[in-house]
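**Student:** Residue numbers (this note's numbering), protein chains in the order written: chain F, 634 to 959; chain W, 634 to 959.
Note that these hints are calculated values from the structure, not bench results.
Hints may be right or wrong, so weigh each one.
Any copy, or any two copies together, can satisfy a pair, since identical chains are not distinguished.
[What the hints assert, rightly or not] Here are the simulated DSS-like pairs of lysine-lysine, each with C-alpha atoms no more than 25 Å apart in a straight line:
hint	residue 1	residue 2
1	K691	K806
2	K859	K738
3	K780	K883
4	K667	K918
5	K883	K918
6	K806	K833
7	K738	K883
8	K638	K883
9	K667	K738
10	K691	K738
11	K780	K768
12	K638	K766
13	K768	K806
14	K668	K768
15	K738	K833
16	K891	K806
17	K768	K738
18	K918	K891
19	K667	K806
20	K768	K667
Number of protein chains: 2
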Amino acid sequence: MPNIKDVANRAGVSVTTVSRIMNNRGYISESTRKKVYDAMEELNYHPNEMAKSLYTKKSNLIGLILPDVSIPFYAEEAKHIEEALYMNGYKLLLCNASNNCIREKEYIAMLQRNQVDGIIIGSHTLKLEEYTKLKLPIIALDRFLGKDIPVISADHTQGGSLAANEFIRLGCKNVIQFIGNTQVATPANEKNSTFSEIMKNNNINCVNIEFPVNFFSFENYLPFIKTALDANPNVDGIFAVDTIAFAVIKELSFRNLKVPSDVKIIGYDGIAIGSIIAPILTTIKQPIRDIANSAVSTLLYLINNDSTIVPSDIKLPVMLSQGQTT
Amino acid sequence: MPNIKDVANRAGVSVTTVSRIMNNRGYISESTRKKVYDAMEELNYHPNEMAKSLYTKKSNLIGLILPDVSIPFYAEEAKHIEEALYMNGYKLLLCNASNNCIREKEYIAMLQRNQVDGIIIGSHTLKLEEYTKLKLPIIALDRFLGKDIPVISADHTQGGSLAANEFIRLGCKNVIQFIGNTQVATPANEKNSTFSEIMKNNNINCVNIEFPVNFFSFENYLPFIKTALDANPNVDGIFAVDTIAFAVIKELSFRNLKVPSDVKIIGYDGIAIGSIIAPILTTIKQPIRDIANSAVSTLLYLINNDSTIVPSDIKLPVMLSQGQTT
């Protein structure tokens, strides 16, 4: 059976270079990479990573548990997380928890059996102690999962404040805020409380409408929004995540209400597909790529340092992106 | 160290039941599952799947290589594939090829080193012989990757025909068809050729506008569409994948052209987010979940049968979904 030296000889490079390419570390030119891959193929060389993992106790596998990867925000997070892991020589095991605590538990047990080096969790169906008792490096994506589990998120206080001040500037008097289910322990709740408080302090009527837990299926959006609009016919401003905002625009068009002259809309998230949808949504952009990169670098810090110091939570700045709906 | 018998005793069930839960096979009630997982936890029992894999030569890992998981169509495919694999006791390693052949090659080498049991490929940056020489069960998602690699796709001939006949019924005379890059060997090319042929046979002017290879970035859509519309001012019908169709609607609104009275639009794909975007797009729906399920079941057939019979390609029916853009 060929070994790494045979590959190096065949490619005319050093063993160190082959090793760096295999472990995806350090800069290697594309032409050198090609030479090494060609040599590996000609020799039919496939180092067995699983055998190596048993020896090194490292699998270079990272688990990512998301509620539903087909939701645009999560799809973008998954893309950027996979990209950041790839650049650091790690592979991604993707799990959709699908709002099911049995399934999330099975995934976590499965990830442990497969000896993943760490887990990034953006789901939240289990009790907090289920997460804290895991003996694995864990990062929480926009969730409070327990003491000692670092949380990476956007600065939602800033997000709520930016949106509230924009509605004040625009002169809105009756605002609806669609909010996630408050049973879910997420930093995003700060957006809602900040927004409500600023509205109250400025004597603006603000109705909070709360979604059921894990309200991800697009087909449920319109009936839910209809009910909210029926109950609040005087609304002149609406604050909601981008996908809900798109559905609100659709429902308002059925009612012959004009955006922004009758109702002003501010979204939240800044998902990429927004750039091709008319009208252009005014929205608070979360730095999705930066959140993914910070989650990966914090997780790799936990994996590579046997330290008892827990990295602090990270809050990344958001920004208001002006569109045609305000 | 606890073993599977200890878990079965603790949970008050048979070893077979524990084994079925661990391997995720057969129906087990949620209450039994919970008992078994509780027992595993109380005993801190984590069977090492990697050690087992070296022994059984099966990892229960499947690689999925997609161009970009943040594109809605691919995000939905990834979700349904992960779901189908989970139901069959397999785990998903997700790879974004990002239109880069070096990276796709590295992924395939990585998947082989990790002893995946099979690969589902929806990307296409390598030469065909790179795929056919792999000694692994492979399924191609909507791509021709080489002899003996089964292709799972929608029936694009039916899709092209449905759209063409709809434009004829509506009386369109100058149609633009946006098409993927024809260098990519995909069954979706049949949609374009069928559409063009029916247009020609009915004396309808049809301009094909071809995208660059791997044209995935939303921000590139509008400049590209502007050029196409400038060159074809008399257009009264446009056929394009859903995301391009959304961008077309946006560009037409800038030009004060009315949809559908001035220009009729038919999309292709039927992505879920379309249901919350106004106006409702008339579109040809691909059966995304059925495609995912067929890809997984065909791959599992290849993995579990040492047969030399290659399963046939599978073409799944599409349907026209009537919206407000025609």
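**Student:** Against each hint, give a clear statement of whether it holds in the structure.
**Tutor:** Consistency of the hints with the structure:
1. Taking the closest pair of Cα atoms, K691 and K806 never come within 25 Å of each other, the shortest separation being 57 Å inside a single copy and 63 Å across copies.
2. In this assembly of identical chains, K859 and K738 lie within 25 Å of each other by CA distance neither inside one copy nor across copies; the values are 36 Å within and 50 Å between.
3. Taking identical chains as interchangeable, the C-alpha atoms of K780 and K883 are never at most 25 Å apart, the minima being 42 Å within one chain and 47 Å between chains.
4. Within a single copy, K667 and K918 get their C-alpha atoms no closer than 39 Å, and across copies no closer than 40 Å, so neither meets the 25 Å cut-off.
5. For the homomeric pair K883 and K918, the shortest alpha-carbon distances inside one copy (21 Å) and between copies (20 Å) are both at most 25 Å.
6. In this assembly of identical chains, the alpha carbons of K806 and K833 lie at most 25 Å apart only when taken from the same copy (11 Å versus 57 Å across copies).
7. Taking CA atoms no more than 25 Å apart as the test, K738 paired with K883 passes in neither setting, with 38 Å inside one copy and 44 Å between copies.
8. Proximity of K638 to K883 under the C-alpha cut-off of 25 Å is found in neither arrangement, the shortest distances being 63 Å within a copy and 57 Å between copies.
9. For the homomeric pair K667 and K738, the shortest alpha-carbon distance between copies (9 Å) is at most 25 Å, but the shortest distance inside one copy (42 Å) is not.
10. When the C-alpha separation of K691 and K738 is checked against a cutoff of 25 Å, the pair qualifies both within a copy, at 22 Å, and between copies, at 23 Å.
11. Taking identical chains as interchangeable, the C-alpha atoms of K780 and K768 lie at most 25 Å apart only when both belong to the same chain, with a minimum of 13 Å there against 47 Å between chains.
12. In the homo-oligomer, the alpha carbons of K638 and K766 lie at most 25 Å apart only across protomers (24 Å), although the nearest pairing inside one protomer, at 43 Å, exceeds that limit.
13. In the homo-oligomer, the alpha carbons of K768 and K806 never lie at most 25 Å apart, since the shortest distance is 51 Å inside one protomer and 66 Å across protomers.
14. For the identical chains of this complex, K668 and K768 are inter-copy neighbours only, at 21 Å across copies versus 41 Å inside a copy, given an alpha-carbon limit of 25 Å.
15. In this assembly of identical chains, the alpha carbons of K738 and K833 never lie at most 25 Å apart, being 41 Å within a copy and 57 Å across copies at closest.
16. Proximity of K891 to K806 under the C-alpha cut-off of 25 Å is restricted to the intra-copy arrangement: shortest distance 17 Å within a copy versus 33 Å between copies.
17. Proximity of K768 to K738 under the C-alpha cut-off of 25 Å is restricted to the intra-copy arrangement: shortest distance 14 Å within a copy versus 34 Å between copies.
18. For the homomeric pair K918 and K891, the shortest alpha-carbon distance inside one copy (24 Å) is at most 25 Å, but the shortest distance between copies (30 Å) is not.
19. Proximity of K667 and K806 under a CA criterion of 25 Å is satisfied in neither setting, with 63 Å inside one chain copy and 50 Å between copies.
20. In this homomeric assembly, K768 and K667 come within 25 Å of each other (Cα to Cα) only across copies, at 20 Å, whereas the closest approach inside a single copy is 39 Å.
Violated hints, in rising order: 1, 2, 3, 4, 7, 8, 13, 15, 19; the structure is consistent with all others.
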